[in-house]
Amino acid sequence: MKNIYMKILIVLMFFSGIFQFSIFSLSWEYFKLVQAIHILSSAFIAIFFLIPYVNKHTYEYMIIKRTKSTSGVILGILLFFIVASGFYLFFIGNPGGDIIGLISHYIHLYGSFILLYFLFLHAKKKIDFNTKSFVAIALLLSISYPNISFASEKLTNIVLEKGALRYHNEDWTNSTKCKSCHEDIFNQWADSNHRHLTGSNPYYMVMENLAGADMGDEFRQWCMGCHNPSAVTTKQKRSTHRMDVNNMPSVLFEKGSQSLIDEFNTHGNSKLEQGVSCVTCHRITKADSKGNSAYTLDLTNRKKYVFEDSNAGVKQWLSEKFINSNPLIHKQSYSKEIYKESAYCASCHDEFLPDDSKRAVVSTFKEWEKSPFNNPKDPTKHKTCIDCHMTYLENGKLAPLKGQSTTGGTMKKDVKVHYFSGSNHFLSGLKSKEHEDQTIQLLRTSAEIDVDIKNGKVLVGVKNVGAGHHLPTGVSDFRELWLDITVTDRDSKVVFSSGKLKEDGNLDTDARPFMKVFGDENSEPVGLLFWRYKKLLSDTRIPAGERRVEIYNILDTKNLKYPLNAVVKLNFRIYPQWVTNAVQRAFPQLPNPPVVILEEIQKEFQSQK
Amino acid sequence: MRFFVYLFLFITLLLTSISFILPTKEKRQFSDDALRVAALSRNMSSTPATYDDLLKLVDTADNKLSKEKIDLGRDLYHETMLSKDKDISCATCHVLSKDLNDKNIYLKALTSQTNNKTDCVVCHLSDQSGTDRFETAVGHGGAQNPHHLNTLTTLNAALAKYQTWDGNVKTLEAQVGLSIKDPFQMNLSKEETVKRLLSDTEYVKKFALAFDEISFENVEKAIGAYLKTLITRSDYDKFLDGDNDAINAKAKKGLAHFLNFGCKGCHTGVTVGGQSIQKFPLRDYNSIVNVTNSFNEKDKGREVSNFNFNAKMYHSFPFENKGGFMGKDGEKLFRVPILRNVTKTSPYFHNGAVTNIREAIYLMGKHQLGMNLTHEQTDEIVEFLKSLEGDVVNYEVLNKDVL
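In order, the protein sequence lines correspond to chains R and V.
Numbering (our numbering) for the first sequence: 3 to 611.
Numbering (our numbering) for the second sequence: 5 to 407.
Keep in mind the hints are simulated off the structure, nothing from the lab.
Note that the structure is predicted; figures quoted are calculated from it, not measured.
Since no wrong hints were added, every one of them can be taken at face value.
Calculated pairs, DSSO-like style, for lysine-lysine (alpha carbon to alpha carbon, straight line, at most 30 angstroms):
1) V:LYS370 / R:LYS317
2) R:LYS504 / V:LYS112
3) R:LYS360 / R:LYS385
4) R:LYS360 / V:LYS107
5) R:LYS239 / V:LYS102
6) V:LYS268 / R:LYS273
7) R:LYS560 / R:LYS456
8) R:LYS273 / V:LYS336
9) V:LYS370 / R:LYS273
10) V:LYS254 / R:LYS273
11) V:LYS370 / R:LYS237
12) R:LYS418 / R:LYS435
13) R:LYS368 / R:LYS418
14) V:LYS209 / V:LYS88
15) V:LYS112 / R:LYS537
Looking at chain R on its own, in the form it has when it is part of the complex (with noise of 0.2 angstroms):
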C-alpha cells in the first residue's frame, strides 16, 4: 500500500480522536458517531493495515537498508503507545477507578499530538497530499451524517412535555441493562422499595384496583403518577402484573429481581418495566417540590452511545465498551445535581387530592422544611433526604460506605447506597435480609423512650431524635407507632398494661397510636379509602425534634405493692392487620408483617412519689 494512504488513515484517526476531546463540544448525534467510528474503524485499520504496514515498513528500512531515521524510531515507539492505550481502553475502559485506564487515556490523547507532530517530521520530505483524497476523506464524513445512516433516531424524538403524546416501550431502558457495569446498585435496588411498588407490591395493587372501581378508572392515573411513571408515559390505563399459569408468581420472595432479569433477556425492551425502574428516576430533567409527581422526564433527549440500547450480544458488548472508553457523557446523561436536593424527592414525597381542595395526604417534604434538619445556613446542620435514607448503616449508625458504585470504577468515599430504606422493612424484608437489616437500623435510630411513674400514673415521653420529619411519615393513616406498656408489682402481678395486639392481630383499642386518621364528610374514618378524605379526625404523630408525654392512670392506685416494674416497648408495625387482611384477601401467599421493636426500656420504682 503506498504511504499517502497510509498517512490519511493516520490523519483519520486523529481527527476523529480529537474531535471527542471537550473543548470541542462537539454535539452528542456527532459525537457518538465519531467515537464509535473511531473506535471502530482504529481497531480495523491497525490491525489489518497499520501494523502490517509499520512492520513491512521497519523491515525494508531498517534491517534491508539500514537507514538510520530518528524520527523514525521514536514514530513506532510512540504508535505502540497509542495502539496499545487504545485497545486498553476499548478492551478495559476507563471507568474512573483504574490508573492504568487514566494513564491510557491522556497517553490516548496527548501521545496523538506529539504523534502527528513526529509523522509529519518523518515524512517531511514527501509530502504530497493531493487535493483528491481530501475530497474522499470529506465525502466519507459526510455520508456518516447522523439523519441519514441513523434512521432510528426518529423513533425516540418525542418530547413529553407540549405537543408529544407518549413514549414507547422502547424508550424505558430496562434497569437490568445498568446491571452489567452498576451490579451492586442494581442489586439494592432490585429488593427496595422502590422497585416494588407496583406488581410486585400486593398491597398496592389492592389500593389502585380499589381506587380504580371507586372512583373510575381515569383515578388509577393519581396513583399511578409515582407508582408507575413508565405506565403512565406510555397511556396505560392501570398498573399489570405478572401471572404464572393460574397463579400469582412468587415475585414477593424472590431476591434480586430475577424474574425482570428473565423477562429481559426473554423480551427486551418491548415488554415495560413497570415500576420505578433506574431510568425513571436518573432522567428526571426537573423537578419542583409540588409533590404528586410534578417532574419532568425526559426519555428522548438522551445522549446515548451508539447501540447503548441494542439487546443483541454483539452490539450490546460494544456499547458498554463505548461508554466504558469515554464515561464523561454517560454520567452527565444520568446524573444530575439535583437528584441530591429534598425537593427532588418531594416530587413524589409530597402527595395530595386531586381536586380543589388539595388536602394533604403525604406530607413529608414539608415536615422535612420546617424541621431543624432543613438548615441550609449551617451545612454541617443540614441534612437531605440522602443523608439518611440513602447512606449505608452499620451498627445502628449512619457509616457512609466506601466502595465503587461502579465495577471498576471510582473509589468513593461514600457511595449513595440505593436499598432507600425508609420504614418499609417488611416487604423488602422478604427477599433480602439486608433490606431489612438496613431499615430497621433506620428505625431504631428515630427515637427515644422514657418511663415515669407518679402519683399512680404512668407518664412515657417519646423523642422524636433522628427522623427529619414527622414520626411516623408517609402513609400514616396505614403505619402503626405505638407504647406498648406493662406495669407489675412486688409480686409479679401486671398491675397496669396498654398497647397489646388482640387475638385477631389487632390493636387493642387502649392502645395510642401516634398516626393520623383521616375522615369523611360524615366524619366516619375512610378505612382503606383514604381519597375519599374530608376531615381530619385526629393527628398524634410527632414531629422532628420534639417529645411527647403519653399519660396512663393506674385504676387501682390504693393498692399498689412497691417496687413496680415498668417495660416500656416503642412498637412499630408497617401496616395494620385489618389493611393485611383485606389484602390476604388477593394475595393469599402474603404473610403477617412482624411488630418491630424501636425501643425497649425496663425501669424500676422502689416507693411511692
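The hints should help you fit chain V onto chain R, whose structure is shown.
Structure of chain V alone, referenced to chain R:
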C-alpha cells in the same frame, strides 16, 4: 485501490440521492365518514342500544325472551346449587356481578368475612368481563380443564354463531347444559339439577312464572335468556352510530388497519368475531427443530434412551402447546374469537399461553395475514381494540305480550 475508493463513493452517493429523489408512497387515508361506511359495508355493525333492537337480533321462536325468564336466568347464573359441591356458580368463572350498578363489590369482597372470592379473581371483580382471566379454566373440586382451555367470556356470546373454542356448539342453551353437566365444570347431572330446584320453594314459584314446569331444558332456556341480555356497547359502537369523536385518531387508524390488512375477514359481524370457524395458524413458520429439553436432567446417564429428545420437526402453534388441544376434529380449526372486550379478557389464545395483547396481535398478523406488523401499527390496532371495551347495557326489559 483508488478505483475501489471511487466505486465506494459513487455507490453511496447514488444510494443516498435515490433515497431523496424517490417520492414517498402516499398512504390511503380514510376520512371518518368513509371509515364508517367501509366498516359497515364489511358486515360490521354496532350492538343494539334498545331492548327492541336486541329482540330483533337474539329472540328465537323456541325461547322467547320475557322479563320473568331473564330474572330467573340471572338468579340461576349466580346459583351455586347448580354445581355438585354447591360451591361454584356460572358467575364463579364467568365473573359478573348480579347487580351491575354495585360499585362496592370489590371493597365488600376484600373486607367481608363471608365472601369466598379470593386470590386473583377478587381484583378483577370490577372488570365485569364475564371471565376469570385464568390461563386455564377451573371447575368442580378445583379440577383444571383437561385441554388447558381458558374460560370464554359470556358477554356478547349470544350474538356469536358458534360457541366454545372449537365452535362445536351452535346455541347458547346447549352450551349452558353442557357446562352444568361437564365433570370439569359444574359436574351436575340433569336429574340432580331438577331435584335440587324442586326442593327450593322460591325457584318453584319463579319457574311457575317463567315456564310451566321445572325441567333441565327450562334451566338452559332461562340462563340462555339472561345471557342474551349480556350485550356490551362501547365507544366503537358510538362511532359506528355516527359520533365521529367517540374514538380517537389512533383508534381510527387502528380500525383502518383492521379493515385494510384483512383482520375483518374473520373478525367480523356485530361481535367482531365468533361468526365462523377458521384454521389457526394459517401460515406455518414453526418448522424449526425444537431442541429444548432435549436432555432429561432427572436421569442423567449414558444410555440413549435417557436422552429425552424433543426434536420435533413441527410446532402446532406459534406459542407453547399447553394442553395439546388441536381444535375441531384435531384439524387446528377454531371458532374465531370475539374481539369485543378483548382488552379485558387476557390471557390470549385457547390455552392462554400469550399474556400480552401486543404479542397476540403480532402473532395474528404474522401467522394469519403473513405480515410483520410494525410497532406503530400494533399500537394503533391495540388502540382500536381498546375502543371495543364497553359495559353491559342495562336494557329496559318489557314483556311484549303484556303491552
